[in-house]
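K.L.:
Residues per chain, in single letters:
Protein chains: 2
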Amino acid sequence: MKNFLGVLGGMGPLATADFLAKLVHNTPASIDQEHVPVLLYGDCTTPDRTAAVTGTGPSPIDKLLAGVRFLNEAGVGAICIPCNSSHCWYDEMAAASGVRLFHIVKASVEQVRVKKTDARLVGVLSTYGTHQMGIYRNTLNDMGFEVLSPSEEEFSTLVSPGIALIKANRLPEAEQVFAKAASLLVGRGAEVIILGCTEIPLGMREQCKANPSLFVDSSEALALSITEFFGRPQAGH
Amino acid sequence: MKNFLGVLGGMGPLATADFLAKLVHNTPASIDQEHVPVLLYGDCTTPDRTAAVTGTGPSPIDKLLAGVRFLNEAGVGAICIPCNSSHCWYDEMAAASGVRLFHIVKASVEQVRVKKTDARLVGVLSTYGTHQMGIYRNTLNDMGFEVLSPSEEEFSTLVSPGIALIKANRLPEAEQVFAKAASLLVGRGAEVIILGCTEIPLGMREQCKANPSLFVDSSEALALSITEFFGRPQAGH
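Residue numbers (our numbering), protein chains in the order written: chain A, 1 to 237; chain B, 1 to 237.
A couple of the hints might just be wrong.
As the list makes no split between identical chains, a pair holds if one copy fits it or if it spans any two.
In silico DSSO-like cross-links for lysine-lysine, where the CA-CA straight-line distance does not exceed 30 angstroms [as the list claims (entries may be wrong)]: (1) Lys2 x Lys116; (2) Lys180 x Lys209; (3) Lys2 x Lys63; (4) Lys209 x Lys2.
If you are wondering where the hints come from, they were derived from the structure by calculation, not from laboratory data.
As the structure is a prediction and not an experimental result, all values here were calculated from the model.
Working from the sequences, and respecting the hints, build out all of it.
P.N.:
Written out as structure tokens, the structure is:
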């Protein structure tokens, strides 16, 4: 199964389906057989990542490692995880994997320059867990970007409730919430905004359509890095 | 992994992503952990089903059985296949499976009465392979329905090219083609039309939104039968 992409998904399940659609849309193929075969391990019972980071829930690490091991044992050629918050445990997962583990944060940050070559101020919309762990902030700072995040109040009144609305399938309500959260970041000078949670693009479809150059969709960025990888000869995985 | 739904997918990959989204949308859940865990074996290199039925390409049976065996060995609780044409090999797959194999045709036909209780004339849009094998026609006839299918010419000028457009990611063009194919069936008296190919709903989003009571989406019908199954105690599956 070396030609299969392993997907550690289900976090959440709608974001996983959306990621798979983006993988198809970004693959230069005209028939089924030219696409990337996928083995998805989608255990949506994995404990909430933000709750674990903030110390209000159990750690997801056992479930994450179970998925990584399953995909490795099945023999996939590489693994991706269409969930930003779970990348708080990236190092542990990478250590347990014999094959390449794509990094959604690195893939997303690479797309900032593609969207706006001279951007300096980058906004990030993410779960509170991703924000707390600083995985976007650190990576962006290392590359010389200045980072704008929602305030604590914006997280508790807009971003976190918005993500919960998406997980509850209430997408039109989420659109309004995220429109507000994004406009606050733009008001503070954000030139590009990374949607650093794979649920968020589902609640920002209208805005992404209206202003595609403003937003980096982490789910799409991950798909792009994969189609590039699977388009190349896979020597040494 | 008894709580996992096994999905034999990749036929095609966009239809699989669409099915997974419909599974989420039709599951009464408000958080990730209440959804159905999924193990997807998505081998999009499976040979084209219609080409096999019409004798112009190799059989997909080896790949189909490899997927069914993989999912069984992994220990899933049940298996579904969001591809109508592959149900031409349903009996062989069911014989190779120790767990329940959902039948997309039966799930779809069950939805006809839900859409229109007194329907008698049912149109079916499907691949030419599904049409040739008569899997919808036989099931519908057995239940007392009369079946309307596209003519040979409509298959070669509308339905088959429309499915190819979807597989090539050209959805707006497909919409026009399927609008024509559906209106021809309605003109002949179809009271309900089954979209008996999981790619077709992707190329009929506008029409399904405009006239939801006319169409049975086989992908959604399959999702509905699964959420019903996973909502019940699974003794003896």
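K.L.:
Which of the numbered hints above does this structure break?
P.N.:
1 and 4
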